[in-house]
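Those protein sequence lines, which keep their order, are chains B and W. Note that the first sequence ends on residue 649 in numbering that gives the first Met the number 0; no numbers are left out. Note that the second sequence ends on residue 178 in numbering that gives the first Met the number 0; no numbers are left out.
If you are wondering where the hints come from, they were derived from the structure by calculation, not from laboratory data. Just so it is clear, the structure is predicted and the values come from calculations on it, not from any experiment. Each residue gets a CB set at the ideal place from its N, CA and C atoms; glycine is no exception. Each hint should be verified, as a subset may be incorrect.
[To be verified] Here are some chain W residues the structure puts well away from chain B; computed CB gaps all over 12 Å:
#1 12
#2 14
#3 45
#4 46
#5 54
#6 61
#7 63
#8 83
#9 94
#10 107
#11 135
#12 147
#13 161
#14 163
#15 164
[Claimed, not checked] Simulated pairs of lysine to aspartate or glutamate, EDC-like, Cα-Cα distance not exceeding 20 Å:
#16 509/B to 166/W
#17 413/B to 525/B
#18 509/B to 82/W
#19 509/B to 46/W
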Amino acid sequence: MIPEIGHFALILALLLAIAQTLFGLGGAARRHAGWMAAGRSAVAGQFVFTALAFGALTWAFVQRDFSVLYVATNSNSELPLLYRIAAVWGGHEGSLLLWALALAGWSLAVTAFSRSLEAPFRSRVIGILGFISIGFLLFMIATSNPFQRLVPPAPDGNDLNPLLQDFALAVHPPILYLGYVGFAVAFSFACATLLEGRLDAGWARWTRPWTLAAWMFLTVGIALGSWWAYYELGWGGWWFWDPVENASFMPWLAGTALIHSLAVTEKRGLFKSWTLLLAVTAFSLSLLGTFLVRSGVLISVHAFATDPARGVFVLAFLATVVLGALLLYAWRAPRLKSAAGFEISSRESFLLFNNAFLVAALGLILLGTLYPLFMDALRLGKISVGPPYFELVFLVPMLPLLALLGVGMHAAWKRGTLAGKRRRLVLLALSALAAALVAGAAVYGELRPLTTIGFMLALWVIGSAILELVQRLRGRQALSGAVLGMVIAHFGLGLAALGITGVQSFRIEKDVALGVGETATIAGYDFRLAALRDVRGPNFVGVEADVLVAKDGRAVTTLRPQKRLYHSGGNPMTEAGIEVGAARDLFAALGEDLGQGRWSLRIQYKPLIRYIWLGALLIALGGGVAAFDRRYRRAAEARESAAATAGASG
Amino acid sequence: MKVPLRFLLPAIAFTALVVVFVVGLRQDPGRIQSPLIGKPAPAFANESLADPAWRVASADFAGRPWLLNVWATWCAGCREEHELLLAIARENRVPMVGLNWRDDRSLALRWLEQLGNPYLAVAFDPEGRTAIDWGVYGAPETFLIGTDGSVRQKHIGPMTRDIWEREFVPLLPVPAGEG
Numbered sequence: 000m001i002p003e004i005g006h007f008a009l010i011l012a013l014l015l016a017i018a019q020t021l022f023g024l025g026g027a028a029r030r031h032a033g034w035m036a037a038g039r040s041a042v043a044g045q046f047v048f049t050a051l052a053f054g055a056l057t058w059a060f061v062q063r064d065f066s067v068l069y070v071a072t073n074s075n076s077e078l079p080l081l082y083r084i085a086a087v088w089g090g091h092e093g094s095l096l097l098w099a100l101a102l103a104g105w106s107l108a109v110t111a112f113s114r115s116l117e118a119p120f121r122s123r124v125i126g127i128l129g130f131i132s133i134g135f136l137l138f139m140i141a142t143s144n145p146f147q148r149l150v151p152p153a154p155d156g157n158d159l160n161p162l163l164q165d166f167a168l169a170v171h172p173p174i175l176y177l178g179y180v181g182f183a184v185a186f187s188f189a190c191a192t193l194l195e196g197r198l199d200a201g202w203a204r205w206t207r208p209w210t211l212a213a214w215m216f217l218t219v220g221i222a223l224g225s226w227w228a229y230y231e232l233g234w235g236g237w238w239f240w241d242p243v244e245n246a247s248f249m250p251w252l253a254g255t256a257l258i259h260s261l262a263v264t265e266k267r268g269l270f271k272s273w274t275l276l277l278a279v280t281a282f283s284l285s286l287l288g289t290f291l292v293r294s295g296v297l298i299s300v301h302a303f304a305t306d307p308a309r310g311v312f313v314l315a316f317l318a319t320v321v322l323g324a325l326l327l328y329a330w331r332a333p334r335l336k337s338a339a340g341f342e343i344s345s346r347e348s349f350l351l352f353n354n355a356f357l358v359a360a361l362g363l364i365l366l367g368t369l370y371p372l373f374m375d376a377l378r379l380g381k382i383s384v385g386p387p388y389f390e391l392v393f394l395v396p397m398l399p400l401l402a403l404l405g406v407g408m409h410a411a412w413k414r415g416t417l418a419g420k421r422r423r424l425v426l427l428a429l430s431a432l433a434a435a436l437v438a439g440a441a442v443y444g445e446l447r448p449l450t451t452i453g454f455m456l457a458l459w460v461i462g463s464a465i466l467e468l469v470q471r472l473r474g475r476q477a478l479s480g481a482v483l484g485m486v487i488a489h490f491g492l493g494l495a496a497l498g499i500t501g502v503q504s505f506r507i508e509k510d511v512a513l514g515v516g517e518t519a520t521i522a523g524y525d526f527r528l529a530a531l532r533d534v535r536g537p538n539f540v541g542v543e544a545d546v547l548v549a550k551d552g553r554a555v556t557t558l559r560p561q562k563r564l565y566h567s568g569g570n571p572m573t574e575a576g577i578e579v580g581a582a583r584d585l586f587a588a589l590g591e592d593l594g595q596g597r598w599s600l601r602i603q604y605k606p607l608i609r610y611i612w613l614g615a616l617l618i619a620l621g622g623g624v625a626a627f628d629r630r631y632r633r634a635a636e637a638r639e640s641a642a643a644t645a646g647a648s649g
Numbered sequence: 000m001k002v003p004l005r006f007l008l009p010a011i012a013f014t015a016l017v018v019v020f021v022v023g024l025r026q027d028p029g030r031i032q033s034p035l036i037g038k039p040a041p042a043f044a045n046e047s048l049a050d051p052a053w054r055v056a057s058a059d060f061a062g063r064p065w066l067l068n069v070w071a072t073w074c075a076g077c078r079e080e081h082e083l084l085l086a087i088a089r090e091n092r093v094p095m096v097g098l099n100w101r102d103d104r105s106l107a108l109r110w111l112e113q114l115g116n117p118y119l120a121v122a123f124d125p126e127g128r129t130a131i132d133w134g135v136y137g138a139p140e141t142f143l144i145g146t147d148g149s150v151r152q153k154h155i156g157p158m159t160r161d162i163w164e165r166e167f168v169p170l171l172p173v174p175a176g177e178g
């Protein structure tokens, strides 16, 4: 019964999304207050019913209702409660439902916190969000119903993919989706602006906090995915340039360009049409990612579903939404003119470079991801592009980006002078270079050009962020949330660059075969396989090793890597043993039982790898701090009270 | 109203992309000819899967026809075709070399131990660099390399008896004794 209620709720949510679109857009066009109010109410209704459907599916998982096909496919009776709940989004249908719920949630938040906007504009934003909801709900109901019954019911389920039975991966999709879907808000604001043919830059101010919030979630989601890949896949890698990873990274790059370009549009009224285009692009890339992952056009290790009907549907939806927005852009954007000029070393031009480099990296990654498809369509045969390509095309724009970032942060709006900061910046650059040389030579005993450049740029960005903070504090300037967020995020970016340089330059990875009592050595650390024992979990059995790590005869730590066999079958899973450190990680993963008490072991030394994720979290934190800048709330309150006064007197 | 071209460019570029997607969705990935066919086979010299100290190089097999089969333990199609590969290996008409792609060494070795090993040698390609040279798009893929060192035939997806008999066997030299 409960699954049927869920299915019915989903259909009601679709009808309400249709109402939201018609009343939202129609009400704005006809300036009909009643219709616009109806559009707003539909948002709440759509959220309630989508949440009800989500709750019904969750309930089916919690109750182990194996008469529901999706539940039987993605869980089994031994699965612990936490993972039974996470299993709701462990497959194609449920993750779509999560997507729809996230979209309904954002729509509700936008509706609740946009009272200060003019009614028709607000109504258009709501209508466009409703249109996107229609697409996802219809997709689910037509091709991917999560409530499909299984007759007769399965005695037990298949189990959730063991790779997904992990805390980081349980929380990774919801956070990632909040980010992906959050760009729908910026998209809707941009489309509403274009529809109205607004010439002012006010929309940039309204969009900024929403975009920052979405971008923050996306950053955390990507970082979680990378962290998970590191300890769970057993490779010790942290980024693989897999099409699915690229699908989340491309909207992130577009979003990063967008938040920077929004700053220029808000502050100076420049780059108006470019910013609108970026807002459309960021969400289009989220949709494109969905299409790539779900249609099976690109074969990836973790592509979700390969059903041509689904591919056709997502493609049709993608084409409608994106092409509609881009045509709207072509029609309206030519009217937007940026009157003000700026000088070459003003902050505007640094942000222009920022956008150029980010978009270049984005374009090249998109090209690499779609390359097999292009070759295919042009009948040139199938050719794949791998990590060496992606590493190169990402590195080339990122180096100048980091170099300019350090100066750009200190540049003033409009004016071309660095106002006496030049000497300090030169000094900072020289110290960063000196520190990079010392770090390479003294700590790692090796000087390589690319490593030195990497360390230098990382330290330069970190130093520049600190310098900016110190100067603001010393100058007794008010420290706004936006500036503080910027400083934190850039500091985090520097840390991440430091980590990437360290781990890519000095990591040591070795596969060894060890018997109990034997030792292998990397980077001065002796890894001794001390003991092996059998372990048993709720739904798996496995082997755990004690790997004693010592340096110069002194014990450092004991790593406990596991190899697990889940009852539901499939490949054995690797749980790496990792000793976390500020300067390095020590990593051991069990390979295979070689017989006679010998095991193959993958042992790794990963210098500075933690800073990649720490940096990413700080980047996200910076985004969050900037999103909650008091300015946005004050402005909203001011407009709200003005509107209230006007309403009372009028 | 006339729209300046540069504002239409994003829409045009996106339309082109959609066309590519439509073509991509309609194509059967198994039926695409490899651009490599007729061209010299890309050379490789990788670690052997069985023993990191050994090298498995394409040059080792020069001068006679040989098969290159790209596989991985995470690939369901590879499991599907494995029985047939064993049967082909037993026929002993052409040596089969494996390319273990983006895989875990220990898992791969266990796979061969449990399911049987049809390969004369297996090159280990954990990062997929060799596979890129060969234009590998998904596993499994099977290539036939001729006596002259050029790629003669390629099949994407699990090998079937029918495809083997129809597309590969006619290209093999006639076994001594039958001719």
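Hint by hint, here is what the structure shows:
no.	hint	result
1	12	violated (9 Å)
2	14	violated (7 Å)
3	45	holds (14 Å)
4	46	violated (10 Å)
5	54	holds (16 Å)
6	61	holds (24 Å)
7	63	holds (25 Å)
8	83	holds (21 Å)
9	94	holds (25 Å)
10	107	violated (9 Å)
11	135	violated (6 Å)
12	147	holds (20 Å)
13	161	holds (22 Å)
14	163	holds (21 Å)
15	164	holds (24 Å)
16	509/B to 166/W	violated (41 Å)
17	413/B to 525/B	violated (58 Å)
18	509/B to 82/W	violated (33 Å)
19	509/B to 46/W	holds (14 Å)
Hint compliance for this structure: hints 1, 2, 4, 10, 11, 16, 17 and 18 are not met, and every other hint is.
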